[in-house]
Amino acid sequence: MVDISPGCILRAHAALAALLAALPLTAGAAPRFADYPAPAIYQGRGAQPLLADAHSRNYATRLRDAATEKPDFAGRYVLATWGCGASCTMSAAIDAKTGAVTWLPFTVCCWDADVDDHLEYKLHSRLLIVHGARNEQGGGTHYYQFNGKRFAEIRQPPRHAPHPPGDHQ
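Numbered by mature numbering (1 follows the signal peptide of the UniProt record, and there is no 0), the letters in the sequence shown go through residues -29 to -1, 1 to 140 in order.
These are computed hints drawn from the structure, not numbers from a lab. Cβ atoms here follow ideal geometry from the backbone N, Cα and C, with glycine treated the same way. Hints may contain errors.
To be verified - Per label pair, the in silico range of CB-to-CB distance:
1) Gln14 x Gly54: 27 to 33 Å
2) Ile12 x Asp88: 27 to 33 Å
3) Lys68 x Gly110: 33 to 39 Å
4) Ala84 x Gly15: 25 to 31 Å
5) Arg126 x Val86: 20 to 26 Å
6) Phe77 x Thr32: 31 to 37 Å
7) Ile12 x Gly110: 17 to 23 Å
8) Ala25 x Glu107: 20 to 26 Å
9) Asp87 x Gln108: 20 to 26 Å
10) Thr32 x Ala57: 17 to 23 Å
11) Asp36 x Gly109: 26 to 32 Å
Said to hold, decoys possible - For lysine-lysine, the following DSSO-like pairs were computed, each having C-alpha atoms within a straight-line distance of at most 30 Å:
12) Lys68 x Lys93
13) Lys120 x Lys68
14) Lys41 x Lys93
15) Lys41 x Lys68
16) Lys120 x Lys41
17) Lys93 x Lys120
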């Protein structure tokens, strides 16, 4: 039989309690813009959007208008967004360097009244935060990372140091 001192048991309990207390802060933490940095910021002249598919050709005017803006997403993209019905928007990322168009694979609607921006994004980050229902299904807040070719949902947030609630910087 092993004889364990009371001090050893207390230290083990304290270590276990500290570990359990830290888990909810890191495991459920929302992705931050800093977790998904853009590789570089494009400074050149904006390219005309490539209307390579029927969907892009249907929205050529919207895409061309948006392509005149400076990049505002993921280093070199303009995130073009416009209405597609009552409280509904559709979006596409236009590569300012090449003109390639990547569509957000759903429309967004029905975000909460207290949401200022149903799509949150930054020039220096590949993270897109979507508030509301996608294709009029469900709701809530969803996180996507953009790799230049597609938007991939982040189902398991990265593990990182805790940050204050609401800090998506």
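To see whether the hints hold, each was checked on the structure:
1. For the pair Gln14 and Gly54, the beta carbons lie near 31 Å from each other, so the given range of 27 to 33 Å is met.
2. Take Ile12 and Asp88: their Cβ atoms lie about 21 Å apart, and the range 27 to 33 Å is violated.
3. The hinted window of 33 to 39 Å between Lys68 and Gly110 holds, with their beta carbons roughly 35 Å apart.
4. Between Ala84 and Gly15 the Cβ separation comes to about 40 Å, which falls outside the hinted range of 25 to 31 Å.
5. Between Arg126 and Val86 the C-beta distance comes to about 21 Å, which sits within the given range of 20 to 26 Å.
6. In this structure the hint that Phe77 and Thr32 lie 31 to 37 Å apart at CB is violated, the actual value being about 22 Å.
7. Taking 17 to 23 Å as the suggested C-beta distance range, the pair Ile12 and Gly110 does not conform, at roughly 33 Å.
8. As the Cβ distance of Ala25 to Glu107 is approximately 22 Å, the hint placing it in 20 to 26 Å holds.
9. Between Asp87 and Gln108 the Cβ separation comes to about 23 Å, which falls inside the hinted range of 20 to 26 Å.
10. Our hint of 17 to 23 Å for Thr32 and Ala57 holds, since their Cβ atoms are close to 21 Å apart.
11. In this structure, Asp36 and Gly109 meet the distance hint of 26 to 32 Å, their C-beta atoms being roughly 31 Å apart.
12. Proximity of Lys68 to Lys93 is assessed by CA-CA distance (about 17 Å); at most 30 Å being required, the pair is judged to hold.
13. The suggested pairing of Lys120 with Lys68 holds, with an alpha-carbon distance near 14 Å, which does not exceed 30 Å.
14. With a C-alpha separation of about 12 Å, the suggested pair Lys41 and Lys93 falls inside the 30 Å cut-off, and the hint holds.
15. Straight-line distance between C-alpha atoms of Lys41 and Lys68 comes to about 11 Å, which keeps the hinted pair within the 30 Å bound.
16. Only pairs whose Cα atoms come within 30 Å are accepted, and Lys120 paired with Lys41 is accepted, the gap being roughly 19 Å.
17. For the proposed pair Lys93 and Lys120, the alpha carbon gap of about 18 Å is at most 30 Å, so the pair holds.
Comparing the model with each earlier hint shows violations of hints 2, 4, 6, 7; every other hint is respected.
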